[in-house]
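There are 2 protein chains.
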Amino acid sequence: MKNVVMIGGMAAGCKAAARLKRLEPDYKVTIIEKKSFVSFGTCGMPFFASGDIDSFSELMSTPYGLVRDQKFFKDSKDIDIIINSEVIRIDTDKKIVTYKNVESGDVSKIKYDELVLGTGAKPLDARFKCPVSDNISTFHNPLDAKRFRQKAQTGQIGKAVVIGGGYIGCELAEALVSLWGIETTLIELEDHLLTKCMDKDISKLLETVYSKEDVDIRLSSKVEKIELDKEGMPIVYSEDGWNSGAVDHVFLCMGIKPNVSLAESIGVKIGELGGIIVNDSLQTSIPTIWAAGDCIESNNIITGKPSLFPLGSLANRQGRVIADNIAGKDSKFKGAIGTISMKVFGFITASAGLTEMEAKRLNYKAEVVTASFYDRPDYHPDSKNLFAKLVYDKSIMRLLGLQLAGYGEVTRYIDSFSVFASNGMTCYDLIDFEHAYTPTHSGPMNPLNSLGAMAISQEEGIQCISYLDAKDFIGQIIDLREEVEIQANPYAENAVFYSIMDYRMHFNEFDKDKPLLVVCQKGPRSYEAAISFIQNGFKDVRYLGGGVQMAQQLLEEGELD
Amino acid sequence: MKNVVMIGGMAAGCKAAARLKRLEPDYKVTIIEKKSFVSFGTCGMPFFASGDIDSFSELMSTPYGLVRDQKFFKDSKDIDIIINSEVIRIDTDKKIVTYKNVESGDVSKIKYDELVLGTGAKPLDARFKCPVSDNISTFHNPLDAKRFRQKAQTGQIGKAVVIGGGYIGCELAEALVSLWGIETTLIELEDHLLTKCMDKDISKLLETVYSKEDVDIRLSSKVEKIELDKEGMPIVYSEDGWNSGAVDHVFLCMGIKPNVSLAESIGVKIGELGGIIVNDSLQTSIPTIWAAGDCIESNNIITGKPSLFPLGSLANRQGRVIADNIAGKDSKFKGAIGTISMKVFGFITASAGLTEMEAKRLNYKAEVVTASFYDRPDYHPDSKNLFAKLVYDKSIMRLLGLQLAGYGEVTRYIDSFSVFASNGMTCYDLIDFEHAYTPTHSGPMNPLNSLGAMAISQEEGIQCISYLDAKDFIGQIIDLREEVEIQANPYAENAVFYSIMDYRMHFNEFDKDKPLLVVCQKGPRSYEAAISFIQNGFKDVRYLGGGVQMAQQLLEEGELD
Chain A
24 MKNVVMIGGM
34 AAGCKAAARL
44 KRLEPDYKVT
54 IIEKKSFVSF
64 GTCGMPFFAS
74 GDIDSFSELM
84 STPYGLVRDQ
94 KFFKDSKDID
104 IIINSEVIRI
114 DTDKKIVTYK
124 NVESGDVSKI
134 KYDELVLGTG
144 AKPLDARFKC
154 PVSDNISTFH
164 NPLDAKRFRQ
174 KAQTGQIGKA
184 VVIGGGYIGC
194 ELAEALVSLW
204 GIETTLIELE
214 DHLLTKCMDK
224 DISKLLETVY
234 SKEDVDIRLS
244 SKVEKIELDK
254 EGMPIVYSED
264 GWNSGAVDHV
274 FLCMGIKPNV
284 SLAESIGVKI
294 GELGGIIVND
304 SLQTSIPTIW
314 AAGDCIESNN
324 IITGKPSLFP
334 LGSLANRQGR
344 VIADNIAGKD
354 SKFKGAIGTI
364 SMKVFGFITA
374 SAGLTEMEAK
384 RLNYKAEVVT
394 ASFYDRPDYH
404 PDSKNLFAKL
414 VYDKSIMRLL
424 GLQLAGYGEV
434 TRYIDSFSVF
444 ASNGMTCYDL
454 IDFEHAYTPT
464 HSGPMNPLNS
474 LGAMAISQEE
484 GIQCISYLDA
494 KDFIGQIIDL
504 REEVEIQANP
514 YAENAVFYSI
524 MDYRMHFNEF
534 DKDKPLLVVC
544 QKGPRSYEAA
554 ISFIQNGFKD
564 VRYLGGGVQM
574 AQQLLEEGEL
584 D
Chain B
24 MKNVVMIGGM
34 AAGCKAAARL
44 KRLEPDYKVT
54 IIEKKSFVSF
64 GTCGMPFFAS
74 GDIDSFSELM
84 STPYGLVRDQ
94 KFFKDSKDID
104 IIINSEVIRI
114 DTDKKIVTYK
124 NVESGDVSKI
134 KYDELVLGTG
144 AKPLDARFKC
154 PVSDNISTFH
164 NPLDAKRFRQ
174 KAQTGQIGKA
184 VVIGGGYIGC
194 ELAEALVSLW
204 GIETTLIELE
214 DHLLTKCMDK
224 DISKLLETVY
234 SKEDVDIRLS
244 SKVEKIELDK
254 EGMPIVYSED
264 GWNSGAVDHV
274 FLCMGIKPNV
284 SLAESIGVKI
294 GELGGIIVND
304 SLQTSIPTIW
314 AAGDCIESNN
324 IITGKPSLFP
334 LGSLANRQGR
344 VIADNIAGKD
354 SKFKGAIGTI
364 SMKVFGFITA
374 SAGLTEMEAK
384 RLNYKAEVVT
394 ASFYDRPDYH
404 PDSKNLFAKL
414 VYDKSIMRLL
424 GLQLAGYGEV
434 TRYIDSFSVF
444 ASNGMTCYDL
454 IDFEHAYTPT
464 HSGPMNPLNS
474 LGAMAISQEE
484 GIQCISYLDA
494 KDFIGQIIDL
504 REEVEIQANP
514 YAENAVFYSI
524 MDYRMHFNEF
534 DKDKPLLVVC
544 QKGPRSYEAA
554 ISFIQNGFKD
564 VRYLGGGVQM
574 AQQLLEEGEL
584 D
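Taken in order, these protein sequences are the chains called A and B. For reference, each letter of the first sequence is one residue, going 24 to 584 in my numbering. For reference, each letter of the second sequence is one residue, going 24 to 584 in my numbering.
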């Protein structure tokens with residue numbers, strides 16, 4: 024028999040507790056949680072905020088209607104839960120946790136043999152002047168969501184500013200606009216949204232979505248301060264001189280950091296990224312203390328280095344690993360690559376692994392291809408555009424990362440890519456990817472097959488150029504589209520126009536020694552023609568990866584091509 | 024320079040031709056096709072038949088509106104296409120192909136250095152008496168689809184019989200009913216639909232879908248004969264004495280076989296399954312002759328044995344491999360596992376690898392787990408049921424196959440599974456599967472994580488039983504559902520009912536030495552409780568995998584659980 028205490032009753036702690044009781048029913052397992060509830064679907068908060076989920080208690084209920092409260096955990100799983108209790112001291116010699124009830128102030132102690140830290144993350148502090156006000160809040164814990172919704176429901180928010188264009192900021196901005204009709208400004212310090220997961224070329228597609236929905240996106244904008252006007256309404260000022268005017272609410276979504284103050288206080292080693300250091304059994308530097316979830320640094324399978332992956336899915340898997348190890352089963356957490364997706368206004372973005380920017384920062388020989396696909400055969404009525412960017416290490420053709428965006432089959436391909444990249448596979452392996460083919464769901468070649476082939480071709484000399492780089496292109500341009508396509512979406516006025524049907528007759532009208540950019544609507548025609556130009560002696564040929572479709576952010580199905 | 028001739032202008036031949044011209048622009052590449060068109064989206068036929076795709080020419084057009092005809096291939100790709108021409112002789116010594124124009128009867132010859140056979144498949148012959156009639160047809164080539172649609176559009180089909188419940192038969196039956204309102208009977212020889220890809224337990228979910236739509240499904244029904252009545256209307260008779268009465272049309276969808284008569288005539292080796300034998304470069308037994316697509320046997324990656332995989336997706340990839348090899352690049356086709364999906368009446372089925380039945384026939388130590396999941400968190404409004412069956416080799420925990428069904432995220436998980444299974448991975452690897460988690464698209468644990476964990480637990484003694492086997496269960500049953508769930512969908516009258524909240528108080532009311540079946544709505548509660556019973560000394564405990572949800576074919580989201 025062992026006493027096992029979990030500090031923190033969210034995904035990691037609850038999963039570890041439940042699994043451990045299944046493996047070792049005689050163990051006494053206790054969860055200590057600061058809030059008044061445990062096992063809350065935190066990731067569902069934006070959907071509660073948006074109204075997609077109607078009741079707060081839905082986020083803490085089982086599918087069969089029982090609320091995951093103390094009684095539920097005790098009766099169904101024989102797990103003890105202590106809520107409203109903050110851990111104030113851990114004596115690692117005597118193995119005693121001291122905690123205080125945040126309501127009554129009562130202090131209690133509990134002995135442990137093994138301790139699990141699931142202390143999560145906390146919002147990054149503002150690096151600008153930010154007054155304390157009911158009209159300024161983070162959107163981090165369930166009470167934030169509850170307060171927001173009360174305010175929104177009673178019509179108290181007409182105008183809002185969201186500071187921070189990461190996942191939470193982006194999802195929240197959508198909720199504000201789409202359900203509550205709130206006039207919303209989204210401010211991001213960097214030059215594009217979702218900088219941690221997306222490069223600029225794919226992220227700009229997302230910006231287009233927000234713009235269509237009249238969200239005011241302010242990029243490369245550094246907030247200088249927030250002040251309150253006479254009525255206590257906040258005004259956001261940025262360093263470039265812009266200000267928001269008085270708004271009803273400001274949301275601080277500048278990101279999170281591991282919550283490690285408790286771990287630090289007992290001498291558990293903290294890593295360079297600010298998270299608890301664990302080995303692959305998820306053991307901290309103190310052998311009887313384990314840690315999981317948003318508070319740890321875990322292995323990035325691609326780089327082999329510690330990374331922060333604050334994802335509920337990983338917290339769950341990590342909880343399982345800890346339970347196994349405490350029960351004496353050898354279990355490892357191999358790490359993660361960071362696979363994530365988001366849906367706003369129906370538009371889905373997803374990414375896995377490294378961005379081009381990050382890969383280059385880490386000195387990989389990173390190369391990229393960009394592409395636009397149909398996610399189904401073009402003749403199928405459900406066919407939608409899918410935009411993609413593949414990042415690979417050209418020295419060994421290893422897969423480094425993928426970014427996808429579109430209204431259709433996005434998560435499907437990011438998931439499959441995740442399996443390839445998590446297992447050290449290459450662009451060649453993508454060509455062998457066997458997807459479930461039927462025209463209702465995909466074309467005979469899938470996007471990963473094509474991206475793999477494009478990457479391999481690129482290393483053989485068929486160079487892809489992304490539309491952002493193509494803006495700086497100086498040289499000859501040939502646009503291979505049909506007249507009706509060009510009229511609908513003109514690309515370059517200085518281009519020479521020949522159809523894919525007759526460009527072969529006109530090789531001699533171009534200068535073989537000058538750079539040549541080949542353009543079409545989505546990419547395949549220009550890819551094919553680029554090869555012909557190269558074979559006919561042209562020295563510097565590129566094709567526009569993703570075509571005019573990506574260059575002009577033509578997101579919707581039903582566009583011309 | 025080489026002369027390369029492709030026989031057959033569908034996926035394999037066209038892909039090989041296009042790729043080869045990109046690699047070797049100086050080669051002369053010629054496609055000989057019996058029909059009047061090439062590069063036709065054959066897989067789109069059922070959608071043309073159903074009216075989802077309006078125009079026949081859409082299936083042979085590029086996305087930018089050009090028809091993929093002789094002129095298109097010549098002008099854009101420099102490929103010669105000879106249509107309406109049947110190959111009547113191949114002289115492998117002199118390397119000459121002789122072909123005859125099917126309209127004019129003119130005979131011509133063409134020399135080759137390398138020959139590619141893409142002769143496809145042909146319908147299996149009926150093994151019953153089947154008269155020749157305009158009212159009886161296969162649904163194999165585009166002209167079949169065109170004729171059907173003309174007949175349907177002019178109201179000439181009120182009643183129809185489809186013989187054969189494979190993919191084509193199932194898709195066609197949906198098209199008949201959903202768009203044309205035709206009273207349809209679907210006859211299958213075996214005891215369930217899609218026998219090659221699905222076991223009975225998952226396939227029955229699909230039957231429920233057809234039944235809801237009033238398709239008359241007749242299983243285990245052997246057709247004895249088809250006769251014509253005085254008006255020339257066909258009547259289908261089965262050996263059990265049933266007959267269809269006079270109907271307007273009978274569709275023969277009993278499956279296909281490789282079309283190898285030409286290959287046989289020149290001594291190319293044919294395999295036991297009736298397909299052309301090729302090596303992993305896709306070379307036949309005659310070195311200058313290559314073959315790809317539905318006419319070949321290719322390596323089954325799971326069994327290591329030759330299999331028939333008549334899928335357009337594989338034909339495409341094989342065409343690429345042949346082009347590479349002819350151009351002197353070393354390229355291999357590793358094989359396939361058979362990953363496929365289908366959508367009828369909005370319900371999606373998908374499978375990859377071996378069924379349980381096939382795995383046992385091949386003497387694998389095959390074990391299975393069955394499960395019902397939500398494809399998103401249960402609190403999310405888009406959440407839908409997902410039914411699953413995993414087949415694995417218990418001796419090494421290797422993944423053998425997966426079957427999925429539901430209205431939601433089906434293809435996503437079959438694709439990821441395909442990557443795992445195609446690369447020889449195990450149930451342990453499934454636990455490490457990192458999917459893109461966000462509540463709009465998935466729960467924190469994904470179905471593959473859970474299936475892997477269930478399989479591993481099963482080998483540790485936590486036995487899952489499928490609802491079909493549970494029908495024969497003799498022993499004690501405990502139903503752990505809440506009262507409202509039981510009332511909505513009663514399962515077993517002789518069950519003892521305790522909530523997950525209080526069953527732990529009642530262990531001593533059961534006999535530890537008698538078999539015990541633990542039941543809940545979807546599986547997780549009974550899984551957890553089964554462990555408790557085992558830990559409390561019960562000798563023979565099983566939980567109902569997939570729960571009452573699967574047992575009673577509760578397909579829709581919005582069901583109670």
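Derived by calculation from the structure, the hints in this document are not laboratory data. Hints are supplied without guarantee of correctness; some may be wrong.
[What the hints assert, rightly or not] Some, not all, of what chain B presents toward chain A, calculated at C-beta under 8 Å:
1) P146
2) L147
3) H458
[As the list claims (entries may be wrong)] Partial list, derived from the structure: chain A residues whose beta carbon lies under 7 Å from chain B:
4) Q173
5) F368
6) R435
Predicted model only: the values in this text are computed from it and were never measured. Beta carbons: idealized from backbone N, C-alpha and C, even for Gly.
Against the structure, the hints come out as follows:
Violation of the interface hint for B:P146 is found here, the shortest Cβ-Cβ separation to chain A being roughly 19 Å, above the 8 Å cut-off. Against a cut-off of 8 Å between C-beta atoms, the interface hint on B:L147 is violated, since the closest Cβ of chain A lies about 21 Å away. The restraint placing B:H458 at the interface with chain A holds, with a minimum CB-CB distance near 5 Å, inside the 8 Å limit. Look at A:Q173: its Cβ only gets to about 19 Å from chain B, farther than 7 Å, so that hint breaks.
Given the 7 Å rule on beta carbons, the hint for A:F368 is violated: about 12 Å separates it from the nearest Cβ of chain B. Interface restraint check: A:R435 against chain B, minimum CB-CB distance 4 Å, threshold 7 Å, status holds.
Checked against the numbered hints above, the structure breaks hints 1, 2, 4 and 5 and satisfies the rest.
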